Amino acid sequence: SAVISQKPSRDICQRGTSLTIQCQVDSQVTMMFWYRQQPGQSLTLIATANQGSEATYESGFVIDKFPISRPNLTFSTLTVSNMSPEDSSIYLCSVASQGGALETQYFGPGTRLLVL
Amino acid sequence: GQNIDQPTEMTATEGAIVQINCTYQTSGFNGLFWYQQHAGEAPTFLSYNVLDGLEEKGRFSSFLSRSKGYSYLLLKELQMKDSASYLCAVRSGGSYIPTFGRGTSLIVHP
Chain A
-1 SAVISQKPSR
9 DICQRGTSLT
19 IQCQVDSQVT
29 MMFWYRQQPG
39 QSLTLIATAN
49 QGSEATYESG
59 FVIDKFPISR
69 PNLTFSTLTV
79 SNMSPEDSSI
89 YLCSVASQGG
99 ALETQYFGPG
109 TRLLVL
Chain B
2 GQNIDQPTEM
12 TATEGAIVQI
22 NCTYQTSGFN
32 GLFWYQQHAG
42 EAPTFLSYNV
52 LDGLEEKGRF
62 SSFLSRSKGY
72 SYLLLKELQM
82 KDSASYLCAV
92 RSGGSYIPTF
102 GRGTSLIVHP
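These protein sequences, in sequence, are chains A and B. Take the first sequence: its position 48, counted from the start at 1, is 46 in my numbering, and no numbers get skipped. Each number in my numbering comes from the position in the second sequence (counting from 1) with 1 added on.
To be clear, the hints were calculated from the coordinates, so they are not data collected in a lab. Fair warning: there could be bad hints in the mix.
Unchecked claim - Pairwise CB distance ranges (calculated):
id, chain 1, residue 1, chain 2, residue 2, range
1, B, Lys82, A, Gly58, 33 to 43 Å
2, B, Pro111, A, Glu52, 46 to 56 Å
3, A, Gln12, B, Leu75, 44 to 54 Å
4, A, Ile10, B, Gly95, 22 to 32 Å
Claimed, not checked - Computed, partial: chain B to chain A, Cβ under 10 Å:
id, residue
5, Tyr36
6, Gln38
7, Phe46
8, Ser86
9, Pro99
Model, not experiment: these values are computed from the prediction. Even glycine gets a Cβ: it sits at the ideal position worked out from N, Cα and C.
Given only the sequences and the hints, what does the whole structure look like? Please build it.
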């Protein structure tokens, strides 16, 4: 299994500002993802972070609002830009490795964001 | 798109057995996952089914019927620490990435 860390673990931010969340994995992984989990809701995929190229965004999410970097196989960042209270959520980094049945997806501990 | 349906909340008694159901509608089914998520923590992988039948792993078992679009997670000998949200996730089509259901909040009481 992969060990995933996220920074910060939580933050309280003002409307209109931006926050960058970091995700670090203890081993090289093929695929990295960013999810959002709003209170009482399930996990919603924001985007797939691609190494060395632009992230692949899901419907309803755009690069200007959620820019993503992935400079190597163990690290990625998600920025929540121009925040509003609707962005208050838990943001989770997730990884998976290609090989075999590609069965298991691991999640980081999450970043709890509150926007005032 | 996919429709994944699971009960919002269930309660059970310590030591008992509980079955959490998940139904789904999708095309090109390619696997079903169960995750456990304790409050304030990340989801952790429990099971993966791609073929029909029952997969047993200790106190937890997962069942899949592809023809019925149905799965369940069976938890035996319930413990208080099993109180958590249980997420059903379905993978379909050419996508590796599963779609998650809303989760079932399980409350285990003494």
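*In ascending order, which of the hints set out earlier in this document are inconsistent with the structure?*
4
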